[in-house]
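Undergrad: Residues per chain, in single letters:
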Amino acid sequence: MPIISIISGLILIAAVTCVGVAFTDDIDGHPAVKLCSAFAYGQFFVWAVFELLAVPLVMLRAPFTVLVYSSVIIIGAAACLSFIRNKKRVMELSVQKTGLRPDVTWLLFGIAAALILFQMATYILGMHLDEDDSRWIAESNDAIVYGTMFLRNPATGEPVNAFLGELSKDIASPYPMYMAVMSLLLMIRPVVLYHTVIPPTLLLLSYLFYYKIGCRLFRGSAERAIFFLMTAVITQFFRGEGYTQASFSLLRIWQGKAVVAGVIIPALTYQLMCIYREGSIRNWLTLAMMDCGACLLSGMGILLSAILTGLFGLYIVCRKRYRELPWLAVSVAPSVLFELVYYINAG
Amino acid sequence: MSGIVGDSSYGNLIFQIAFVSAVLMLVFFKGRRAFFVIPSFLLFAVIINPVFKNLWENTLHFNYYWRVLWIVPVIPLCAALPAMISERTENKMIKTAIAVLFALLFIFTGMNVYRGYDGSRMFRTPADNVYKLPQDTIDVADALLDKEEHPRAVVDPAIGMYIRQYSGNISILYGRDVLGYIMPPDDDTWSVYGQLSSEAPDLAAVREVMERREYRYLVIRDDKAIPAEGLKQNGFELMQTVSGWNIYTLT
Chain P
1 MPIISIISGL ILIAAVTCVG VAFTDDIDGH PAVKLCSAFA YGQFFVWAVF
51 ELLAVPLVML RAPFTVLVYS SVIIIGAAAC LSFIRNKKRV MELSVQKTGL
101 RPDVTWLLFG IAAALILFQM ATYILGMHLD EDDSRWIAES NDAIVYGTMF
151 LRNPATGEPV NAFLGELSKD IASPYPMYMA VMSLLLMIRP VVLYHTVIPP
201 TLLLLSYLFY YKIGCRLFRG SAERAIFFLM TAVITQFFRG EGYTQASFSL
251 LRIWQGKAVV AGVIIPALTY QLMCIYREGS IRNWLTLAMM DCGACLLSGM
301 GILLSAILTG LFGLYIVCRK RYRELPWLAV SVAPSVLFEL VYYINAG
Chain R
1 MSGIVGDSSY GNLIFQIAFV SAVLMLVFFK GRRAFFVIPS FLLFAVIINP
51 VFKNLWENTL HFNYYWRVLW IVPVIPLCAA LPAMISERTE NKMIKTAIAV
101 LFALLFIFTG MNVYRGYDGS RMFRTPADNV YKLPQDTIDV ADALLDKEEH
151 PRAVVDPAIG MYIRQYSGNI SILYGRDVLG YIMPPDDDTW SVYGQLSSEA
201 PDLAAVREVM ERREYRYLVI RDDKAIPAEG LKQNGFELMQ TVSGWNIYTL
251 T
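Top line first, the protein sequences correspond to chains P and R.
The numbers in the first sequence follow this note's numbering, run straight up by one, and end at 347.
The numbers in the second sequence follow this note's numbering, run straight up by one, and end at 251.
With the rest of the complex left out, here is chain R (with noise of 0.2 Å):
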């Protein structure tokens, strides 16, 4: 149903009628709720407007003017619709009625927070562990932080987003910064995250970044086709093999 009422940042068909309907019957009550009117109608007026959305999205700092949208109270309004609408009548039936209604309208037409688009559940439940993080990053970072206090490692760009999250003893040359967010990436970053995300990574130009950058463990899927001369002659050697990863080490 809720592909009936369309889904934006806006919200649903539905949601948009509750909130212009609570709107519309606050604008004729007068006292504390005509608190929501005022600034809902100078939210409008100023910020959700299209002249000045331009405005907002060129000169202020933020390419997300979907977050502005969070400051129009459609929460505390739509949730308000049903129970000005219950205040009408005496009978705790009929109210628990109404309420029942609205709660069933917003559920069936609205869409589970929970679910992404695909039907997929956004949370897995029970969780990998205490740190909510995936399973196999904690063994791999438990197996550097046994061999090392503070270990230098270059990791599978799949771990590399997470491993840092467990602990700050592990440095790596690259996570999620690949993609520039504090530093643009220099040309080690590129050449090894180019390898170790082919399926048969050049060891000899990951081992020559690793000796200059000082890494000394290299951290790849026991899955990969990597021949086994290949690492020995470019001074790898196996350390341990955890939850599928191979950990080596530079000799």
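Here chain P stands alone, though its shape is the one from the complex (with noise of 0.2 Å):
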């Protein structure tokens, strides 16, 4: 990878990282679960700003560039403000030192952190081939040659004059868009980010948001640290058919119902489990800011977060917490808005 390539990267990290300081909690004490935190958030917040863009822009039939532009200008102001308003806490993530106390929990830690190791660079290593991504990596590829988004009929690359078969279902989760505007960014090609670079920080995403709800359910470390290791060893051995949620995590996580199974699954149920605890209207605007990154990843994306927040919403009924019903309506709208688009375009 071009040195130019990883400056990209490391800018954008920041980026994204500077955006997240603001909707990060304070759980988790260790620092580099804080920045790791911070990061996810920011990429949530990153793919809810491209569902807005993208969508419209798609359905307008507006060339590739101006959701290139437009998203790198909001994106990148989003990152300078949130630097202005949380420069303190910036600056905390960065400096912060921890010192290691070796002991069983350590261990236990370590070992899961070692299986992890181990399922990241079997992704950077290892190669897996799938039928499906025929369809995404084509579309990004084809946004960035010819400048157009789903005018293209990816497996062949001939013009569409409309959003035909799958181009239809993508409409609503233009997933491929978002790739296609971070593999100009960081000046690679679509395969490789979705092969390669991808798919470890998404499962370290996965693991991140497993690890906060073990720090939501045990106040003890070593009951954390055997929680963190047992879903690590459970995500790699609940294969089930081969569609269970640990065999997408593990074996094509860069497709967007993959994320949907292995990210964003496991984040929305900490951020329920946030407002099961306080219905902070700083929490509820978190969810409905994960709600609308999940409808960017796919159709899975949109009815799932849909299901989750509307069946905490029973819950919310049933517990007489009205007052956050109007939170709660702000949180499953962009899942609402998005299944019509969806069901508008592909019937």
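Hints are supplied without guarantee of correctness; some may be wrong.
As the list claims (entries may be wrong) - Calculated lysine to aspartate or glutamate pairs in the DMTMM-like style (CA-CA distance at most 25 Å, straight line):
no.	chain 1	residue 1	chain 2	residue 2
1	R	Lys-53	P	Glu-339
2	R	Lys-147	P	Glu-339
3	P	Lys-169	R	Asp-186
4	R	Lys-92	P	Glu-339
5	P	Lys-169	R	Glu-57
6	R	Lys-224	R	Asp-139
7	R	Lys-53	P	Glu-241
8	R	Lys-224	R	Asp-188
9	R	Lys-224	R	Asp-118
Derived from the structure by calculation, the hints contain no laboratory data.
In this text, all values refer to a predicted model and were calculated from it rather than measured experimentally.
Two chains, two frames, some hints: make the complex.
TA: Shown next, in the form of structure tokens:
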């Protein structure tokens, strides 16, 4: 990978992390986890921005460059604004240090970390062919080469006059356009971004939210370590018929629906846990942002985020927390809106 | 051992027992952990329920009901079970023993995601290249791109799936679309697909479509028994042989 791509990647990570600082909570004491959390929330913000920008632009058949420039301007502005407003917290993230106390807890964390590193290395060093890629990666390629969004048949490269077949599904979840923009910014081919760069990053985010769930569930560090280790073990050995959440997380997390399985569902679960404890406006708005980000990834993201949030809404009603109902409506609004877009286009 | 406990999209028997045990343990807890109980029950009542299963399958756009199972919190709850058990003791060695015991249980009764049903490895390591695509496809694509910026080619179904992942500059007559994901395949596509899938393709039929649809290159396996006479007669000239593929130019 050329140096310039690495520099671009670092700038992008810094910008996304700056944005995410505005959304992070203080549950997790370890600075590394705080840093990852800020990046994770920033990533959700970026996905949400892309969803809100890309869907209308795709429907208006705007050139791809409009999406590139508008998204860069908005995310750049959000990063600057967040940095200015949260300067102190950003600086804290970069200077905090922590000492490790070698005991059994750290041994368990160490084993879990080794297993997760193995899983990440498998994505970096190994290759797994999946036929579904021939649609999304080709769509990203076409956007870069021809400057149009979903107006080429990804299977052939021929222009199409309408959003046909599976293209109609992608309008509501234009994840390939997000990946195309990222590959332009990082100056690498979309296929490299999909197959090599993104998977370990997403897997890390997946485990980050499992870790945060563990922190919410357990007070003791030993229990947290056991929980964390078990999530890594179960994810690797919960293959089922090959269509489980775990299989999608470890075999093809670069695909939108697999990001839903691997990252979105644990993240939403964690965020709902936060709201379960404290239905603050900040928590609800973060959930709305996550739901909106989930819509970018796939039709399953739209549907499953709505189901999860909706089920929690039933709980809110049962507990007579009526004051939070407007925020619940705000949270499911992106899913409802983009589900409508999906139905209008896909029929 | 995984054969004994079975395996499905719901996980094997051990995971199912661990999940139910964790939910039951959580029922007796109040406070933060009760979070998982209510949504789990609601989930089973509203979504994962034989009556509603048909409703979801028939009324919603997805034919993949199994994907809804992703939102059942199996991983966090199965992981929480040993942690909850270990809370009963203060002894760190016992806690570690519990963790090791459960880890071994999940490892030996579960099925490794990285193994296929036939024992094959789901990941090929090391990868053929940084693109994680078959190397022969890359070689063919590079050879085509050396000749033109936007080559238009008819390629064998075996590489048609991957070549546009490598470069959007290449246009092909069909790829995965032969299965009709974007557009139903037309007569030309069926005709050429049928010919290239056969051992002895009718090159006149292939040439006719290529000329009409303005495709210039033909990529077929080099071990395919095609008489040189037939190729020449139909205007195909061998441009290059790369990684077991012959690339012909339509003159």
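Undergrad: Look at each hint and say if it fits the structure.
TA: Outcome of the hint check:
no.: 1; hint: R:Lys-53 / P:Glu-339; verdict: 20 Å, holds
no.: 2; hint: R:Lys-147 / P:Glu-339; verdict: 45 Å, violated
no.: 3; hint: P:Lys-169 / R:Asp-186; verdict: 22 Å, holds
no.: 4; hint: R:Lys-92 / P:Glu-339; verdict: 49 Å, violated
no.: 5; hint: P:Lys-169 / R:Glu-57; verdict: 17 Å, holds
no.: 6; hint: R:Lys-224 / R:Asp-139; verdict: 19 Å, holds
no.: 7; hint: R:Lys-53 / P:Glu-241; verdict: 19 Å, holds
no.: 8; hint: R:Lys-224 / R:Asp-188; verdict: 22 Å, holds
no.: 9; hint: R:Lys-224 / R:Asp-118; verdict: 30 Å, violated
Hints 2, 4, 9 from the earlier list are contradicted by this structure; the remaining hints agree with it.
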